[in-house]
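What follows is each chain in one-letter form.
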Amino acid sequence: MSKTRLLALVLIMILICGLLGACGTAGEKEPADTPAETPSTEEPAGEEKQAAEEPEPDIDISEFVEISNYVLGDPPANDMVDKMLEQLNPILKEKINAHMRVEWIEWADYLTKYNLLLASGQEIDMIHASSTWLDFWPNVQKGSFLALDDLIPKYAPKTWAEIPQEDWEQCKYQGKIYCFPENSYTQYVNHGIFYRGDWLKEFGMEPVKNFEEMGEYFKKVKEVYGPQGVIPFDAHNGMSLWEGYIISNTDYVDVRVNTGRHKVLWGKSFEEPFELVAPVFEDLFVEYAKMMKDWDEAGVWRKDVLNFEGDTRANLRAGQSASDQHHSNTYRYLRVEMDELIPGSDLQMFAWCDTRGNLVAEPITHGATAIGRTSKHPERTVMLYELFRQDEEIYRLINYGIEGVSYVINEEGKLDRPEGFDSARDGFSINWWGGRVDKFELRQAWEWEPIWDIWAEYDKIVKKPFPYGRFVLDRTPIEAELSAISEVTNQYGPMIDFGKVDDPEKEVEDYRNKLKAAGFDKVMHEIGNQLAAYKEQIGEWPPASN
Amino acid sequence: MRAATSTSVPVRKNTSYVSLFRKDFSKNWMLFLMCVPAILFFLLFSYIPMPGVYLAFVRYNYADGIFKSPFIGLENFRFLWLSGDLWRITRNTLLYNIAFILLGNTVQITVAVLMNELRSQWFRKTSQTLMFLPFFISYVLVGLFVYNFLSFEYGTLNSILRSLGREPVETYSNPAIWKYVIVLTHIWKNTGYGSIVYFAAIMGLDPEMYEAAEIDGASAWQRIRYITLPCLRPTFVILLLFALGGILKGNFDLFYNLVGSNTRLYPTTDIIETFVFRSMIVSFNFSSAAAVGFYQSIFGFLLVMTVNWIVRKIEPDYALF
Amino acid sequence: MAIRKRGTRIRIDTSTAVLNGFSYIFLGFFALACLLPFLLMIAGSFTDEKAIIKYGFRLWPPEFSTFAYELVFQNPDLVIGSYRVTILITLGGTAVGLFLIAMCGYALQRPDFMMRNHIAFYIYFTTLFSGGLVPFYLLMVKFLKLKDNYLAVVLPALMSPWLIILMRNFMKSIPHSITESAKIDGANDFHIFIRLILPLSVPALATVGLFLALGYWNEWYLSLLFLSPNMKYRPLQLFLYNLITRADFIRNSAASSNIPPQDIPMESMKMATAVVATGPVVLFYPFVQRYFIRGIVIGAVKG
Chain A
0 MSKTRLLALV LIMILICGLL GACGTAGEKE PADTPAETPS TEEPAGEEKQ
50 AAEEPEPDID ISEFVEISNY VLGDPPANDM VDKMLEQLNP ILKEKINAHM
100 RVEWIEWADY LTKYNLLLAS GQEIDMIHAS STWLDFWPNV QKGSFLALDD
150 LIPKYAPKTW AEIPQEDWEQ CKYQGKIYCF PENSYTQYVN HGIFYRGDWL
200 KEFGMEPVKN FEEMGEYFKK VKEVYGPQGV IPFDAHNGMS LWEGYIISNT
250 DYVDVRVNTG RHKVLWGKSF EEPFELVAPV FEDLFVEYAK MMKDWDEAGV
300 WRKDVLNFEG DTRANLRAGQ SASDQHHSNT YRYLRVEMDE LIPGSDLQMF
350 AWCDTRGNLV AEPITHGATA IGRTSKHPER TVMLYELFRQ DEEIYRLINY
400 GIEGVSYVIN EEGKLDRPEG FDSARDGFSI NWWGGRVDKF ELRQAWEWEP
450 IWDIWAEYDK IVKKPFPYGR FVLDRTPIEA ELSAISEVTN QYGPMIDFGK
500 VDDPEKEVED YRNKLKAAGF DKVMHEIGNQ LAAYKEQIGE WPPASN
Chain B
0 MRAATSTSVP VRKNTSYVSL FRKDFSKNWM LFLMCVPAIL FFLLFSYIPM
50 PGVYLAFVRY NYADGIFKSP FIGLENFRFL WLSGDLWRIT RNTLLYNIAF
100 ILLGNTVQIT VAVLMNELRS QWFRKTSQTL MFLPFFISYV LVGLFVYNFL
150 SFEYGTLNSI LRSLGREPVE TYSNPAIWKY VIVLTHIWKN TGYGSIVYFA
200 AIMGLDPEMY EAAEIDGASA WQRIRYITLP CLRPTFVILL LFALGGILKG
250 NFDLFYNLVG SNTRLYPTTD IIETFVFRSM IVSFNFSSAA AVGFYQSIFG
300 FLLVMTVNWI VRKIEPDYAL F
Chain C
0 MAIRKRGTRI RIDTSTAVLN GFSYIFLGFF ALACLLPFLL MIAGSFTDEK
50 AIIKYGFRLW PPEFSTFAYE LVFQNPDLVI GSYRVTILIT LGGTAVGLFL
100 IAMCGYALQR PDFMMRNHIA FYIYFTTLFS GGLVPFYLLM VKFLKLKDNY
150 LAVVLPALMS PWLIILMRNF MKSIPHSITE SAKIDGANDF HIFIRLILPL
200 SVPALATVGL FLALGYWNEW YLSLLFLSPN MKYRPLQLFL YNLITRADFI
250 RNSAASSNIP PQDIPMESMK MATAVVATGP VVLFYPFVQR YFIRGIVIGA
300 VKG
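Protein chains in written order, with numbering that gives the first Met the number 0: chain A, 0 to 545; chain B, 0 to 320; chain C, 0 to 302.
Only true hints are included.
Derived DEER-like restraints, expressed as beta-carbon distance ranges:
#1 R87/B to I86/C: 41 to 49 angstroms
#2 E122/A to Y220/C: 18 to 26 angstroms
#3 Q227/A to I297/B: 51 to 59 angstroms
Short derived list, chain A residues pointing at chain B, Cβ under 8 angstroms:
#4 N114
#5 L117
#6 D134
#7 N236
#8 N257
#9 R301
#10 D303
#11 N306
#12 E308
#13 T475
#14 A479
#15 V487
#16 Q490
#17 P493
#18 A516
Below are the BS3-like pairs computed for lysine-lysine, each with C-alpha atoms no more than 30 angstroms apart in a straight line:
#19 K67/B to K248/B
#20 K22/B to K182/C
#21 K534/A to K459/A
#22 K221/A to K289/A
#23 K49/C to K200/A
#24 K200/A to K53/C
#25 K302/A to K178/B
#26 K513/A to K248/B
Hints in this document: simulated from the structure, not taken from any laboratory.
Note that the Cβ used here is the ideal one computed from N, Cα and C, for glycine as well.
Whenever a hint applies, use it, and build me the whole structure from the sequences.
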């Protein structure tokens, strides 16, 4: 045996010893799911809910502290955030004897950085959280955040009183509150397709209400404007109409279990959300696959749609595309823009829910604020949140920036641009999506006013609350299966979504077989069981109040 | 050339290593000292974090840290084979890397050798500089250009075909073509960089050998065959051993930016790292990533130990260790 | 080339002539293929965005525009600051790293140094196994406390196994007799390395130094991990990388900020940022090239 190989052996032994040593200690620890507990506070838990006007006398704010606030996004190139902080911090000093520091988690590779930040145990006070796009629940399970039950009633009494109990319930894991929800902020992000109203009229068609009509519009565009190079629906790989097709054609409700490109598990209906269905295994999916194949052959999108990474919206703006796909909050601004760019374009939106009113509220933890397990000043951080949410002056600073520079309030009481506004110089954004409230929100001069009528209609049909608001999936028994299923949907999804298959029925069949092989039945069974248990836990459904 | 080869290393099987090292140390302590910065460097940045691979075997809990999180055996590896793609991605990764190593080095050596034959200083310098350019173009842009060239409706290739009265081709629906596109792109991007190593090795040669060869009337081919190429062998072996260690790794950018999420092309273009990337988007999990890293490492380690052992048998001087 | 004195030779045999012709053609074409995308990039950076959407990338801008550059240099202070940071990191890291690599490389090729293979293996082993992202991050942030410190970008890239072994191999071609005779004269190893070996290793130092410098110049992932956007100046590549992604970001999430979406020339901006980021190195490269000259090693030995 050569010396080198001996050395190799030694190095590997060291490695293994490290591992074994670690195993030894691991055995002694209690099992997983041990989120951090609130550091012991003198106050007894479960304090009575009350809205105090003044800070209670026994709150000690004598020590001046600095609070870090982690937000997602790229810091703006201008200095408006700093300017805002210059105004905000003296107020904070006076009110809670604290200073706020903004820390940015930039977009590039944000998921890695967000999770590394939490994993590293760096000191974090306030941090943005989201159950829909920032892995809030898995991170709670990993012990990233602090339980807030003892802190909120005492240090954020108004917020504690303002947020109804059932909303607090949606922030709980194993009976403890882990975040502040964005529970009273109207924001619809229901998806649909935007299309040209002027062309629709020209074709003598009625407003689009379902996928068949959508297809007719596309084909008509291809026929009339195709020769000029207009693409009926310039799409890119990231768009999938499958979800829209389900919502438009069934009463199914998204359980929001992430299984990659296609969500394979849905609730049967709002009334029976705990009954699981799997639309990919229904005839619906075959119909969909055939329709997409038909659209592809009709030239609805580019032949290379799977690889196209250009700006489809820019093409809509340029009149090169006759449709675009996104949610109604985008429509709110895009419509105004299009009216300016292509006067008379009369951009319309076919929302998936237009067909049969299948629309369910967003989870209120879509935007949320949490406090890091490592925070040294959780009390003061909670007080800071209270100010953000209850003090209108501070609310405007943190949301809109400096009045007269970044915004003005016009005579209609709307948010408007000041005279000589230059967005590069004066624009303000801090990506504070963790606690906006309708009571302080201002209408915007640059939004499409009628959106509020549409949303008011939505308010009537939307069934509140979000049925799975308190459901926290325990992924551990099916982690590998979920990954594998995602892999399958990610692979078959794009081909089927854009009709890039030779035989839709066969491809769907392959897809289903692959899902089965990846452990679909086990996942459905496990999640079904967890939902059944959840149903027991929440009692009556739908809530009587509705 | 190599005046003193390994003759001065008296390896006697029976001598104890400790005394041997002690002797060596007392004689060459300064050489050892010269290696100390490197030794400390790798200790700090590589060996100290290394036990962290244990992450691949736990259900990671931030509050408890890596080593106190519950041990779950091979659970984190399970997603690799459940989807049924493990074989496909391993095979693709392997085959591509073999193609990159063999073809890549062949082209690099060819370029370096031909570069050496050039008479015109100006031409040599210019072409060398130009070949270096692709190295600076990020794969994001490379992906854009490739799309621009191959896209069905507006691509340059199809414009040419149409103007010649030929049928346009649907490149993005044809998995078979992509093997070549990817390998070509890789070669195009890395030749300038890679050939520098070979070129530098040729530059280190004794010019007298060439002069002697010319006096002996050797043809250009003989010169290359008997002087230039043999001197590149150690460099090639080293490159090879480094490449083999990472044979299941790397090139994420190349594949991701050229193929993206066009799953129709996956049968020929999906590799381990693009696979992992997709899994990470769905459920961000450090442990799964660590598991894959471990799999790649073990594979590379076994391969390298084998190849190095073979090299050692044939030409001990070329072996890495 | 000075030593071979090609200009003075008269007789060229046919095989050499054929090979020469082939070399010119092959390398010429290859070089052109490498130049083409670069030209596309430059042309793209000067093309009006709408023209790119309409015609794709062309070798000559159909509609000339400098808007992309105006946006990139919207904040000239920032670009210059980023340049400075990158240059300092590159120079500092390359100088220190190159010296350490050369020192180790020299020791590792000394045939009389018995531990050399063990140390080489110790170094090489790190390319096979690594702790992965999380342990590395913890090391850097928690133990070395290098968050928001430029050293976080410099230190981990100082050396690499590949460059050390490469250096070792280059130095193998320096005859061991030089070392031996110097030892007989009573010089110690470090002195031999500094006085005799380094001057003989210029091509090797140029090559390895080039690779090191390019690594530093192109580095962005370490910056992304360890230099938070709170730092005013961050390395160029990251700054530009962010410019590219931020354009994406504005398009995608204009609806969630309070700023109405603007027309950002995304494609031409990508090109312009790339030109700004690569330009200086491309210009710098010919200076390094000078050192790739045959004969320095041996010639100096004789002299």
